[in-house]
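These protein sequences, in sequence, are chains A and B. Numbering-wise (the numbering used here), the first sequence opens with residue 1 and increments by one. Numbering-wise (the numbering used here), the second sequence opens with residue 1 and increments by one.
Check before you lean on any hint, since a few could be wrong.
[Stated by the list, open to error] Examples of chain B residues lying across from chain A (beta carbon under 7 Å, computed):
| hint | residue |
| --- | --- |
| 1 | P62 |
| 2 | S63 |
| 3 | I223 |
Keep in mind that the hints were calculated from the coordinates and are not lab data. Heads up, the beta-carbon is just placed ideally off N, CA and C, and yes, glycines get one too.
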Amino acid sequence: MAEIFTVMKWPLIACLLLPGILVYLGLHIVQREVIFVDLALAQVASLGACVSLLLGHEAADTQTYIWSFGFTLIGAAIFAVTRMRHHSRVPQEALIGITYVVAAAAGILLLSRTAEGNEELRRTLIGDVLLVSPHDVLKTFFIYLGIGAVHFVFRKKFMMISFEPERAEAEGMSVRWWDFLFYALFGLVVTSFVQIGGVLLVFSYLIVPAVCANLLASRVAALLALGWGIATVSGVAGLYAAYRFDLPTGAAIICVLGAVLLLCGLAAYFKKEKTI
Amino acid sequence: MKNIILTLLAALLFAVNAQAKLNVVATTVDLASIAKEIGGDKITLATLAKPTEDPHFVDAKPSFIVKLNHADVVIEGGAELEIGWLPALLDQSRNEKIVAGAPGHVNCSKGVPLLDVPATLDRSRGDIHAAGNPHFAISPVNGKIIAQNIADAFAENDPANAEAYRANLKIFTTALDAKLAAWQQALAPFKGRSIVAYHDSWPYFARDFGLKIELFLEPKPGIPPSPAHLAEVILKMKEENARVIIVDPYLNRRTADTVAREAGATVVPVTQFPGGLKGTEGGYIQLEDYLVNSLAAALAEKK
Chain A
1 MAEIFTVMKW PLIACLLLPG ILVYLGLHIV QREVIFVDLA LAQVASLGAC VSLLLGHEAA
61 DTQTYIWSFG FTLIGAAIFA VTRMRHHSRV PQEALIGITY VVAAAAGILL LSRTAEGNEE
121 LRRTLIGDVL LVSPHDVLKT FFIYLGIGAV HFVFRKKFMM ISFEPERAEA EGMSVRWWDF
181 LFYALFGLVV TSFVQIGGVL LVFSYLIVPA VCANLLASRV AALLALGWGI ATVSGVAGLY
241 AAYRFDLPTG AAIICVLGAV LLLCGLAAYF KKEKTI
Chain B
1 MKNIILTLLA ALLFAVNAQA KLNVVATTVD LASIAKEIGG DKITLATLAK PTEDPHFVDA
61 KPSFIVKLNH ADVVIEGGAE LEIGWLPALL DQSRNEKIVA GAPGHVNCSK GVPLLDVPAT
121 LDRSRGDIHA AGNPHFAISP VNGKIIAQNI ADAFAENDPA NAEAYRANLK IFTTALDAKL
181 AAWQQALAPF KGRSIVAYHD SWPYFARDFG LKIELFLEPK PGIPPSPAHL AEVILKMKEE
241 NARVIIVDPY LNRRTADTVA REAGATVVPV TQFPGGLKGT EGGYIQLEDY LVNSLAAALA
301 EKK
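With the hints as extra help, turn the sequences into a complete structure.
Below you can see the structure in the form of structure tokens.
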């Protein structure tokens, strides 16, 4: 039993400390119906890293970090500007999808120019939660504390622009700018977690607990409590399964989250039957 | 009663004996296969990468850390072959015995004259390795150096069995030498023939057998083939009468098939790891047998 802790200690700490903010942001994302915005922002950030490599920087350099954050800001601006077009017949989800695909394709084009192979990029940009280093976990945790503090201070405004955008506009809030800030912070959260857990795990931690919670509750406090509970239990169960049956770790957590969603769906179904 | 005590004693002896075995972990199957020849029944052996996996990209699983955590000796190819995944695993396993530089850490590239060492490190040439081309283990000549490195490490970490390791080394090297002569003879009629590879993993093999493996489907190591580059390769293949393309199991077979169709060539599946293809499971020597025979057959057919 002691062995599981030597092997899984830091993955466990990562799965206990870090998904909290993802679950919270996931509630915003599900409410805004921009489910794939995280993948698009992560892809835009890695396009920034590709540009940095093209300029001759190494994947681990500070310049590369600055480039990818700069690109994340551009992505945030795109998503902030394209929201709230009541008259438009183009859904924002389409623009998000296009951003994702074009950023991915542009990355391939740039890489073929720089001749920097995938190897290094993959190594630095896409993590494996089994192999997280204590340094990365703590660094990311402090970044998340800072972002969490901003969200806590302005919680009413962030909640209003996500859940009641019309009212926010009517009250004279600059929804565009708040949206930009929201997506910029969101991009930072997503890109730092991609380096720890990979793209699939980020997506799952954002969306699955939020969807589960929405199936079973509606008040914000209940949504948060349910989401955090589900993320924590699924993370621990996934890590245990990965250890017990020797599975790729991130994928194990994701499949547990999927199974939990199925259970929540069943629970919601029977709850409805009863109330009717 | 006496019987029980005897049984218990026997069990205890067995347990002590089992514990005394050197616990060895190898990164790839080719190294594991040589380690098995040297270690015999004096070691327990585990391998991390599957034979069909690209040794540059290996998906880590929790058992890897457990295995490394218990290891007395870890054997890696070195020369940056496993740089993408092994260092993080070694960190995570927190085993002082096998950290880089410790006696339990065997770097098989030690003493191997590496080819393609870049004069300057320049990003424009693709995924190049500062230390030189890391795919050296496929050369039987290098296989002997690897066996020597492994035997030295086993003897140092388990002095009680040093004699056995040295004896096994001698048996393996003698067998390999005899085979090497036969392999060189089998490929002698094709000296200087040009063969196309997908990835630049065969310079050592080419050197051992007087072949020319200098055309690659990848424009640069790690970069997916572009149409212009493939067109150029097809042109050069016709010029040099290169009619055989070799592809590892984890690389894109369809690209090779397309080029082969255009250039009138044949695709020969190859592997650098025992078990990577059917008929190579028997270990390092059987793998080399397979490579030499299938290449000789394809070269003879495509004159």
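_Name the hints, by number, that the structure is in violation of._
Of the numbered hints, all hold.
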